[in-house]
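Chemist: Sequence:
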Amino acid sequence: MDSQQTAAGRTEVTSVPEDPILSMRNLSRVFTRQPVLAETLLKLLGRTPDIPKLRAVRSVDLSVRRGEVLGLVGESGCGKSTLGRMMAGILPASQGALAYEGAEVAGLRGTALRDFTLGVQMVFQDPYSSLNPRQRVASILAEPLKVHRPDLSRAEIHARVDAALAEVGLDVSYRDRFPHQFSGGQRQRIGIARALIVEPRFLVCDEPIAALDVSIQAQVINLFLDLRRKHNLTYLFISHDLSVVRHMADRVAIMYLGEIVELAPTAELFADPKHPYTRTLLEQIPSVRNRKRSFSAVKGELPSPLAPPPGCPFHPRCPAAMPQCSVEVPQKRQIAPGRTVSCHLYDKDQIST
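Under the numbering used here, the first residue of the sequence shown is numbered 458, with each subsequent residue one higher.
Heads up, some of the hints might be wrong.
Stated by the list, open to error - Restricting the straight-line Cα-Cα distance to at most 20 Å, the calculated cross-link-like pairs of lysine to any residue (SDA-like) are:
hint, residue 1, residue 2
1, K603, R591
2, K756, D698
3, K603, G567
4, K687, R658
5, K603, R593
6, K510, P760
7, K603, D583
8, K510, S551
9, K603, L570
10, K510, L759
11, K805, G768
12, K687, A675
13, K789, D729
14, K789, A778
15, K805, I792
16, K756, E725
17, K805, P780
18, K687, A667
19, K687, G576
20, K756, G795
21, K510, I478
22, K805, Q781
23, K805, G795
24, K789, K756
25, K510, R542
26, K510, P767
27, K805, S783
28, K510, P477
29, K756, I792
30, K789, L575
31, K603, Q638
32, K603, R571
33, K510, G534
34, K510, S533
35, K603, S587
36, K510, T539
37, K756, G534
38, K603, L575
Think of the hints as simulated: they come from the structure by calculation, not from any bench.
Please model the complete structure; the sequences and the hints are all you need to start from.
Modeler: Okay, here's the thing in C-alpha cells:
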C-alpha cells in the first residue's frame, strides 16, 4: 500500500486494494422497547398492542476496503454509532449479512470467530466511561490478552502492555496508575492502546476525538494516521465533523436517519457533493477563503426513527424536495465510478455497472 501527503496535509492512500475486509448487505438494526403496563394488559386480554419499533439502521449496503479510512458522517442520532457497533460485532443485526474477510460473521465458529473478534476492535467516543475506574492501566490493557491469548506468559503480557503504552505515546511508568489520574487525551490513548494490543486489522473509531479539547484533537488524529501507516490498519472513522473526516478519510459515507444517502471518494465529495443533505452539511464548514459566506444549520429537526417520514427520509428538510419525494423512497444509484447517491434528483443519471 503506497501513501502520499496531499497539499491539504491529509495522508492519502494511492493504491488501496478493491477487496473488502468488511462488507454489509442489507444490514438493519431494529430496537423494540419493553412494553408498558397498558400494553402488557392488552396482551393478557389476547389483543396485540402496537409497540413502536426504532429502526436505527436501515438496509445498509457498504464495503470497507482493506487499508483504507472510510469516514462515516451524519448528525447525532442518525445511526452512525449503532452501525459501527454492528460492524465490530458488539450488536447483532436484525436483518441482513455482515461479512469479514469474505465469510459471514453469523456463521463463524471456533478459530474463524476468534479471528474476527481479534481482527475488528473498537475505539469508543468517551474516554471517561470506556475505562474501568477501579482498574490500573496495566490491568485494563492486559485483560484482552488474558481472555483471547491464554498461551501468553505473564512476562509476555507485561512486555506487550509496555509496548502498547509506548506506541500511543505514553510512558511505561503510567501502567500502575488509575484512569482518573489522566487527562482526556491520555485516556483516549489508553483506549487506543487497548484496541491495538490484540493486533487488529480493522478499527471502528466512534467519534474518538469528539470529547477531547480542540488542542488535543490534532495530536490524536496524527496518532491514528501514524498507526495506520505503521500497521497497515483499516479504519471506519465515525464523526459528525466533515472537516476532520476530510483530513482523515479516503472515502466518505453520508448517513441520514439510518440510511447511507451518499458515498464518494473524499476529494470528489468535497468538490462536488450530490445529495442535498451532503451539500447542507458542507455549507456549515467554515472557509478561510470565503469569510463572507453565510452558514446555516440543516433546517428542522432530525425525524424520530420511531416514526420516519414516508418517501425520502430527508424530504421534510430538503430545499430541493419534489412531490415524488414525499411518497417514493429513492433507490441507491451509481452516478459515477465509485460514487453512489440515493436521491430522486439523479433518477436518470445512473450509469451501467
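Chemist: Taking each numbered hint in turn, which are not upheld by the structure, reported in ascending numerical order?
Modeler: Failing hints, ascending: 7, 16, 18, 20, 21, 24, 28, 29, 30, 31.
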